[in-house]
Amino acid sequence: MELRIVHDLLDKVVLDEGRRNIGRVDGVVLELRRGAAPVVSAFEIGGRVWARRLGGRIGRWAVALGARWPALGNGVTRFAMRDVRTTGITVSVKCDGRPTPALAWENWLREHVISRIPGA
Amino acid sequence: MDAGECRVELLIGRRVADASGEVVGRLEEIVADYIDGEYVVREFHVGAYAALERLGTGMLGRGLLRLIGGDRIYTGYIVPWRHMDLSDPERPRVTVAKAELPRIGERPNDGSRPRPAPAQRSRPSATKLRTGSES
Amino acid sequence: MKRILDLTLGIVTSIGGFLEAGSIITAVQAGAVFGYKLLWTIALGTLGLMLLVEQSGRLAAVTGRTVGDALRERFGISFYIIPLVTGLLVSFLVLASEIGGVSLALQMATGISFQWWAMPVAFAGWFLLWKGNFGIVEKGSSLLGLVTIVFVVAALKLHPDWGRVSAGLLPTAPDHDAARYWYIAVSIIGASISPYLYMFYSSGAVEDGWGTDDLSTNKATAVLGMSFGGVLSAAVLIIAALVFLPRGIQVDRYEQAGLLLPPVLGHTGFVLFLASLGIACFGATTEITLAMAYQLAQGFGWDWSENAKPKQNARFSLTYTVTILLAGLVMAVGIDPLELTNFSMMLTAASLPVTVIPMFVLMNDEALVGEHRNRWFSNAALGALSILTIVVLLSAVPLQLLGGS
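Chains as they are written, first to last, in our numbering: chain A, 1 to 120; chain B, 1 to 135; chain C, 1 to 405.
For reference, chain A alone in the conformation it holds in the complex (with noise of 0.2 Å):
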């Protein structure tokens, strides 16, 4: 079976074992090794990944504008491929999003901001 990093893989959407929309993967981690192929071991998801993409001195804004505020971003989350299947359209992790840093500012908004609004 197959995996090409940026047609598969890159940018997808993660879902996760209760098929919520945990986010995208923004970056993807190569072990390499000594004599042998490397090794896609993992693949993340957090705003200092993707800022870093963007290349050029706005990238580098970003990835300041993260550092400055960490709080703007969710933190990283990362993914061991091990639990990963892709489907060329979504990828999905066996393990529930909801305690991940990827969810972090969904579960904070869900709790403080959105729940308190009559109608939610």
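Bear in mind the hints are in silico, worked out from the structure with no lab data behind them.
A virtual CB, placed ideally from N, CA and C, is assigned to each residue, including glycine.
Incorrect hints may have been included.
[Said to hold, decoys possible] Beta-carbon label-pair distances, calculated as ranges:
#1 I136(C) <-> E17(A): 27 to 33 Å
#2 E5(B) <-> E2(A): 21 to 27 Å
#3 M1(A) <-> E5(B): 19 to 25 Å
Based on the hints, put chains B and C in the right spot on chain A.
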């Protein structure tokens, strides 16, 4: 290849040079095989656009070029994992000469592997994504 | 049978939801200053929109991905950030001008300044999004929006010289005030082909769970719905040409636009104009707000669904809440709605290449859309449209400086 970690998303789009320093193209894709529970990298795809190589226009630019020019403009090389040196992630290097690399398109089903026509079954899962989560 | 019902509903909602502040104001201004001469731009803009709506619908039906999803998935975040930021910026200004449209309709109805109406309107829109679901939001305002058919009625009542009207469908150069002519021409393009329209459409297709068997409905809705909608814009232009041009009324205030229908339909005409303006702009308000929230949520993989309760999509709901209220604020502080409408239409037109050109790649990507990729005809049309958008982009700054009021 040294041990360590390497970030794919920062590698993609970087210019790749061969052993003699000649530019091969830009890194476009990394292909891995699922072996014994691991995704083991098999090869890297480096796309080359001859004279237009200098334009780092990203995937949109390459997509447009491919569309307009078809196979005549788009060529690419397959770099087997053992010939790719990622010790400097900002300057990925091929450890052999460019001429020794197989070209994409020499093997059938390279480049963009057409996915089987998206069937109805892919839609229900998409709808499931949309109709929210059970909180 | 169900298919016919769906199709009819689709067409009807497209008609009812077609007009909004930008298309009304630009059509009125076009007719008031240049008679029928700018009809061809409405035709051109409508054709362009038809194309993009059909393709974005096809994309969603075949892949289950919206345009927003596909743009990030195929081109990466480093590209997507561009249409995301420009789209949000431009849409925000258009949104504010739509709230302005509703507020001005209310001002004309009650005498109370539009600035006082802005926040209540924004709040009403928010409430509909908060409590409603996608079906209600989309179909509700669109069905009410059928009141805009009054423009067709009025245009027919005026018995225009259809020969001269048809002549307006051919592109002609202006015989006076060229800068203003092209300025309005470009604004009409921007009013017709707003990116939020086709991005919203693809999100709707996914919310409604379209599949490959909905493709013919999609095509028919796009072609018929947009054509009939375009007829509405044309009707507004024709009325303005017959009512304003002979009297030399140049519309630089919304209140003057209110004089459009009374000469034809009396006081009822005035009421219907206000109703049309208010409802059309209100529909656009909720649609644009949703479209912006979709763009952000889809780009970053949040849960997004108007059908789900706000609690289930916290970031998505917060986004549309903040957006609509901020846009209301822009009107509340007193920015001139007409000027903002004109400016945002120009800006929309200039921003088109960023979303139109990628569609070219997406709709030809065999791995993505498979056998449903563009035939040569769609590609030729899309290619021509892409070139048009680039020409428009290049002319936007000079036109804004030379032709803007």
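Violating hint indices (sorted, rising): none
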